[in-house]
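Visitor: Each chain is listed here by its residues.
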Amino acid sequence: MIMLTWLLRRDLLLAIRRKSDVLTTLFFFVIMVSLFPLGVGPEPQLLKAMGPGVLWVAALLASMLSLGRLFAADYADGTLEQMLLCPESLALIVLAKAAIHWLASELPLVLMAPLLGLQFGLSGDALWVLTLSLLLGTPVLSLVGAIGASLTLGLRGGGVLVSLLVLPLYIPVLIFGAGAVDASTSGLGAGGHLSILGALLVLALLATPKAVAAALRISLE
Amino acid sequence: MRGDSRLFSEVGFLLEPGGLLHVRGPNGSGKSSLLRMLCGLILPEAGEIRWNGVNIRHSHDYNRALTYLGHLNGIKEELSGLENLRINCGIAGFDIGEKTAIDALERIGLDGREHLPVNVLSQGQRRRVMLARLLVARTPLWILDEPLVALDADAIGLMRSLFELHLENGGMLILTTHQELEIAAGTTQEIRLSS
Amino acid sequence: MSKINLYKFASPATFYGLAGQMIPGFAILSAILFAIGLYISFFVAPTDAQQGEAYRIIFIHVPAAWMSMFIYVVMAVYAGVGLAFNTRLSAMMAQALAPTGALFAFIALFTGSFWGKPMWGTWWVWDARLTSQLILFFLYIGFISLQSAIDDPRRADRAGALIALVGVINVPIIYFSVKWWNTLHQGASISLTKAPSMAHTMLAGMLIMAIACWTYTIAVALSRVRLIILERERHSTWVSELLEDIK
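Protein chains in written order, with the working numbering: chain G, 22 to 242; chain L, 345 to 539; chain P, 54 to 300.
One chain only, chain G, in its complex shape (with noise of 0.2 Å):
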């Protein structure tokens, strides 16, 4: 226990000093969303059908952009290598590394994410869901991106392989995220979606950070 709590100290320590890697994803989300009127115009029928597709899919993108921080700056300086010579689980430390990571870079896009909803003319109902769709779907997100981050360390090709390597598995969370959203606003009730996504994020505690420990392994031969 003494281990993980100066992980998630350090970790914690250095989301604070490396605010700036916070906010660019922040940023991101936020442009990326505002590009969709300005492609498809304005008309506010098409934006409120639109408008929780567009959120995940942004949520999902800035993401995905983020977890180029997840490891590979550990990976650089040796602070991974250590971290796999730790007497404590390998698994657990992921599971920390990861809770971090999402508060640092995703909790403020579930945050921001309402106020982005009311740009495409959501209802106060349509946002509330949609922000638990968000709350509940991005840690899957961050758990099942760690799984091709730590598979892609030090490889060329970067973030684009890792795109490709993660994109097909977020399906699943987009595609109940938004439809979640989606079933409140057309009246059918979004608990069996939020339900599914729930499923979803326990399924993803329990098995992705052993495979991520596996890969992390893998990737330090």
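Be aware that one or more of the hints could be misleading.
Stated by the list, open to error - Partner residues aside, some chain G positions facing chain L, computed with beta carbon under 8 Å: (1) Trp27; (2) Leu34; (3) Lys69; (4) Arg90; (5) Met104; (6) Leu105; (7) Pro108; (8) Glu242.
Think of the hints as simulated: they come from the structure by calculation, not from any bench. Here the structure is a predicted model, which means the values were calculated and not measured. Just so you know, even glycine gets a beta-carbon here, dropped at the ideal spot from N, CA and C.
Here the structure of chain G is known, so what remains is to put chains L and P in place on it, guided by the hints.
Guide: Chains L and P in isolation, oriented as in the chain G frame:
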């Protein structure tokens, strides 16, 4: 194996308390790979590595008994020497108080620089932050890859006495170094790798 | 599959020879089966009441789709075995199967598109199966790209194995979610309506085509794995001797 080529084969040794193992060989002969294999970071193609008779892959306390300092510094640039030392020890399982940490950093020659972010320190000074761990976090086995690089004569002298003290207390040391170093040890073994 | 047992115990050197002997047999078998299958699809199977002659493309589309999924599973099994038992040959087989699997996925997409065009007037339709097929294609491309981006063969094998296993676990999840998405949005769907009496010939045709594809896959994967073996074992004595003989 590195890539398609075999780096070395038929390497074997037994290290006991007070024992020093010196791994020698030209660049590219696989010294670092051997050390990393001994840490458990690389799986051997054939053969086994055992700690107290148990294969390290199945041993839960091997990591607790080991301190490995490799080529990379293993420290964070944005944090200070003090923070780095306490965090690195913490992650290895040793909760070090601030006073102990500052003390260690002073002894290793970073007096007055403990609170500076590491990115303003020189290469040699960063190395010392990493090495300070050996002063405070005591594990039986030390595996060190080129620990004396970028250190001046004083620091090398300090490290040598540190190594000798460690061995005297029953610790074990495996290292690679290009320098000619006389370290008094219970038993000294050498492995020479060729390219 | 008895092949798995063989692969676990055979070294690359002996397998090289074994594969060489197996290839011609499978190639010929595949050619024969393709001939029979295509004959059935074009001449024997009756014309569909609703879709006319164009539906015949399913005799390529469906077997290709089946193969793309089957090969992915086989690939993942080989990769898993290679990861668990540290056997190089299993990993090489996974690497050899991937491009063929990707090819079948692409063919399934391509032919699926042609099938949809006469019915819907568009080249693409977000049908649940086609969309899942597209995602499966991406999974193949991901596997192949990851392996080619890693220089160290051992890391490439093991990283590829991990992503293949993660993919295989995710395929049901992805399929289920795409199906859900499709029904919810009441999307278009391509399917075949057939009277019971026609079912037999069509099924027979598709099965024969599927087996033809399977034997083709074996022949191609074996020749590809021979190349991979040569490349990876190029420093060993048996390969140098082999190349000497050729000279």
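Visitor: Hint by hint, which ones does the structure fall short of?
Guide: 3, 4
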